[in-house]
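Undergrad: Each chain, letter by letter, is given below.
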Amino acid sequence: MKKEENERKILEFYLSALSLQIAEDEHLDEDTLATLLEGSLNQRQFRPLMKHLVECAFCRHLTAELIRFDSTLAESEEISYQSEPAKISDKVRNLLSEIFQHNVAAVEAFEDKVGEEKKERNSEGEEENQNH
Amino acid sequence: MVPHENKTDELLCQCETLIKQIFEQCRQNAPNYEVSFQQFKSALETSVKKYLIKEEEYLPDVEEIKTFLGEMHHQELFLAIACANGDEMAWWDFDREYRSYIERITRKLASSESTAEEAISALYYELYGSRIAEGERISKFSSYSGRGSLRSWLKTIIWHSLVDLHRSWTVSVSIDEMVETLGEGYTHASLTEQDSESDILDELTRKKYLKKSLQAMENAFSQLADHEKLILFYYYTEKLTLKQIARIVELPESPLRSWFKRKTEKRQKEPSSRIHESTIMRWLEKTYSKISSLFREELKKLGLKQREIEVCIELASQAFSDFSSTEKFFGFNIKK
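Taken in order, these protein sequences are the chains called B and F.
Be aware that the first sequence starts at 443, since it is given in the numbering used here, and climbs by one per residue.
Be aware that the second sequence starts at 7, since it is given in the numbering used here, and climbs by one per residue.
Simulated from the structure, these hints should not be mistaken for lab results.
Predicted, not measured: the structure shown is a model, and the values here were computed from it.
A hint or two may mislead.
[Claimed, not checked] Result set (EDC-like, lysine to aspartate or glutamate): computed pairs, CA atoms no more than 16 Å apart in a straight line:
| id | chain 1 | residue 1 | chain 2 | residue 2 |
| --- | --- | --- | --- | --- |
| 1 | F | Lys292 | B | Glu449 |
| 2 | F | Lys114 | B | Asp471 |
| 3 | F | Lys296 | B | Glu454 |
| 4 | F | Lys114 | B | Glu507 |
| 5 | F | Lys306 | B | Glu449 |
| 6 | B | Lys444 | F | Glu320 |
| 7 | F | Lys56 | B | Asp471 |
| 8 | B | Lys444 | F | Glu316 |
| 9 | F | Lys217 | B | Asp471 |
| 10 | B | Lys451 | F | Glu320 |
| 11 | F | Lys249 | B | Glu517 |
| 12 | F | Lys307 | F | Glu224 |
| 13 | B | Lys445 | F | Glu316 |
| 14 | F | Lys245 | B | Glu454 |
| 15 | F | Lys249 | B | Glu507 |
| 16 | B | Lys451 | F | Glu316 |
| 17 | F | Lys214 | F | Glu316 |
| 18 | B | Lys493 | F | Asp232 |
| 19 | F | Lys56 | B | Glu468 |
| 20 | F | Lys245 | B | Glu507 |
| 21 | F | Lys249 | B | Asp512 |
| 22 | F | Lys55 | B | Asp471 |
| 23 | B | Lys451 | F | Glu224 |
| 24 | F | Lys245 | F | Glu283 |
| 25 | F | Lys292 | B | Glu446 |
| 26 | F | Lys296 | B | Glu446 |
| 27 | F | Lys292 | F | Asp232 |
| 28 | B | Lys445 | F | Glu320 |
| 29 | F | Lys114 | B | Asp512 |
| 30 | B | Lys451 | F | Glu291 |
| 31 | F | Lys296 | B | Glu449 |
| 32 | F | Lys249 | F | Glu283 |
| 33 | B | Lys445 | F | Glu314 |
| 34 | F | Lys72 | F | Glu51 |
| 35 | F | Lys72 | F | Glu132 |
[Said to hold, decoys possible] Covered stretches of chain B (in silico footprint by chain F; criterion: 3 or more residues with CB under 8 Å from a CB of chain F, positions within the stretch not fixed):
| id | region |
| --- | --- |
| 36 | 449 to 455 |
| 37 | 467 to 473 |
| 38 | 483 to 490 |
| 39 | 494 to 506 |
| 40 | 509 to 517 |
Just so it is clear, CB atoms sit at the ideal spot from N, CA and C, and this is done for glycine as well.
Just chain B, with the same shape it has in the complex:
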């Protein structure tokens, strides 16, 4: 038992050393990560990706975190922040209207607007802090 535990410690140490290494070639993109974790690929299509996962701690870590997130999602269906359920949707709806009423120029305008809003929020926050 003790022998097995000692060997296990060496294995864990070795694996954690490998877990600092990332591949020098390109990392898996979001489309590949999504496809891979969805189980849409067969063995032959999966093989080169698995080889990359074994060699690249960065991508392996990404997949592990995504697996964790998937399992959290599956376990809990409830939604937090339920106090203002329609707020985000309204904002997004406005965004679409804005984009399609004014076309590409609206995108730039929207970016400026979001930037302005952020600035305003920050300065309001600062003022509040000063008042306190």
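Using the hints, position chain F against chain B.
TA: Coordinates of chain F only, in the frame set by chain B:
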């Protein structure tokens, strides 16, 4: 460049009729979307080249390409291309179909309501195209291949934009180099100026055993198949639970599952039978027992006698447990 580029193009030409059929079907379902046949065909071909012709030595036959094309999420790809083109009708359809899903995922990940709000705005903006290159909008939708579902793709995009991965990585240090520079941190921490000559000799012997144990583990590990390596990484270093590992192999078509599972009569009769945590535990134990015997064999090959092997394992496990982090042990610089 994709290997066998010319041959691949020839094979894809032979699938033109099927591609036309798929396109017509998508157009029937969404006749108002602004998507040309050429765009759709090009997107399908990109996906084939990306997922099916990745390995240099392998060239699929026409039937395999047709099966691949048939399995793709055509309608979702059609929608994504239309959205990338800036088709307003497609965008409203996308919004109606996916907005609540996007909100749900984002709220799960965001730390506050305002962060979620900003993330959703940023996502829509990126999907529409926040960058303009050579006079054209670059829509994030153009990176969707249609191989997996659009939901799964969206989830990954949202997750990636909101999760901060606090980890250290290095590209330059190979295991060979690690073994060579082994224990710089360890040696410096354990030796002092007051140590006698015999202390130093003891230390050098210890270091020799540590090197041998790592070298043997490296040789043993290299003999495992990739799926065995991956499951060890997920369990030991990524600390995924058995249940989480079971989730990624629960689909009947999961490649990992096919590699591991024994073709028992029961499984052949019921290919979709559930993979339980106990099965994952058995896979892990089997892989662990394999690497354990390989490790001992490798220590023998490195010239250690049975008694020495036990001493070596004992010393190495003790030394490795004393160090809280691998980086500290090896004493090398980590890129942040």
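Undergrad: Hint by hint, say whether it matches the structure.
TA: Each hint tested on the structure:
no.: 1; hint: Lys292/F - Glu449/B; in the structure: 15 Å, holds
no.: 2; hint: Lys114/F - Asp471/B; in the structure: 22 Å, violated
no.: 3; hint: Lys296/F - Glu454/B; in the structure: 15 Å, holds
no.: 4; hint: Lys114/F - Glu507/B; in the structure: 14 Å, holds
no.: 5; hint: Lys306/F - Glu449/B; in the structure: 15 Å, holds
no.: 6; hint: Lys444/B - Glu320/F; in the structure: 9 Å, holds
no.: 7; hint: Lys56/F - Asp471/B; in the structure: 11 Å, holds
no.: 8; hint: Lys444/B - Glu316/F; in the structure: 11 Å, holds
no.: 9; hint: Lys217/F - Asp471/B; in the structure: 36 Å, violated
no.: 10; hint: Lys451/B - Glu320/F; in the structure: 10 Å, holds
no.: 11; hint: Lys249/F - Glu517/B; in the structure: 11 Å, holds
no.: 12; hint: Lys307/F - Glu224/F; in the structure: 13 Å, holds
no.: 13; hint: Lys445/B - Glu316/F; in the structure: 8 Å, holds
no.: 14; hint: Lys245/F - Glu454/B; in the structure: 11 Å, holds
no.: 15; hint: Lys249/F - Glu507/B; in the structure: 14 Å, holds
no.: 16; hint: Lys451/B - Glu316/F; in the structure: 14 Å, holds
no.: 17; hint: Lys214/F - Glu316/F; in the structure: 14 Å, holds
no.: 18; hint: Lys493/B - Asp232/F; in the structure: 6 Å, holds
no.: 19; hint: Lys56/F - Glu468/B; in the structure: 13 Å, holds
no.: 20; hint: Lys245/F - Glu507/B; in the structure: 10 Å, holds
no.: 21; hint: Lys249/F - Asp512/B; in the structure: 12 Å, holds
no.: 22; hint: Lys55/F - Asp471/B; in the structure: 15 Å, holds
no.: 23; hint: Lys451/B - Glu224/F; in the structure: 14 Å, holds
no.: 24; hint: Lys245/F - Glu283/F; in the structure: 14 Å, holds
no.: 25; hint: Lys292/F - Glu446/B; in the structure: 14 Å, holds
no.: 26; hint: Lys296/F - Glu446/B; in the structure: 12 Å, holds
no.: 27; hint: Lys292/F - Asp232/F; in the structure: 14 Å, holds
no.: 28; hint: Lys445/B - Glu320/F; in the structure: 8 Å, holds
no.: 29; hint: Lys114/F - Asp512/B; in the structure: 11 Å, holds
no.: 30; hint: Lys451/B - Glu291/F; in the structure: 15 Å, holds
no.: 31; hint: Lys296/F - Glu449/B; in the structure: 12 Å, holds
no.: 32; hint: Lys249/F - Glu283/F; in the structure: 6 Å, holds
no.: 33; hint: Lys445/B - Glu314/F; in the structure: 13 Å, holds
no.: 34; hint: Lys72/F - Glu51/F; in the structure: 11 Å, holds
no.: 35; hint: Lys72/F - Glu132/F; in the structure: 32 Å, violated
no.: 36; hint: 449 to 455; in the structure: holds (count 7)
no.: 37; hint: 467 to 473; in the structure: holds (count 3)
no.: 38; hint: 483 to 490; in the structure: holds (count 8)
no.: 39; hint: 494 to 506; in the structure: holds (count 8)
no.: 40; hint: 509 to 517; in the structure: holds (count 8)
In summary, the structure is inconsistent with hints 2, 9, 35 from the numbered list given earlier, while agreeing with the others.
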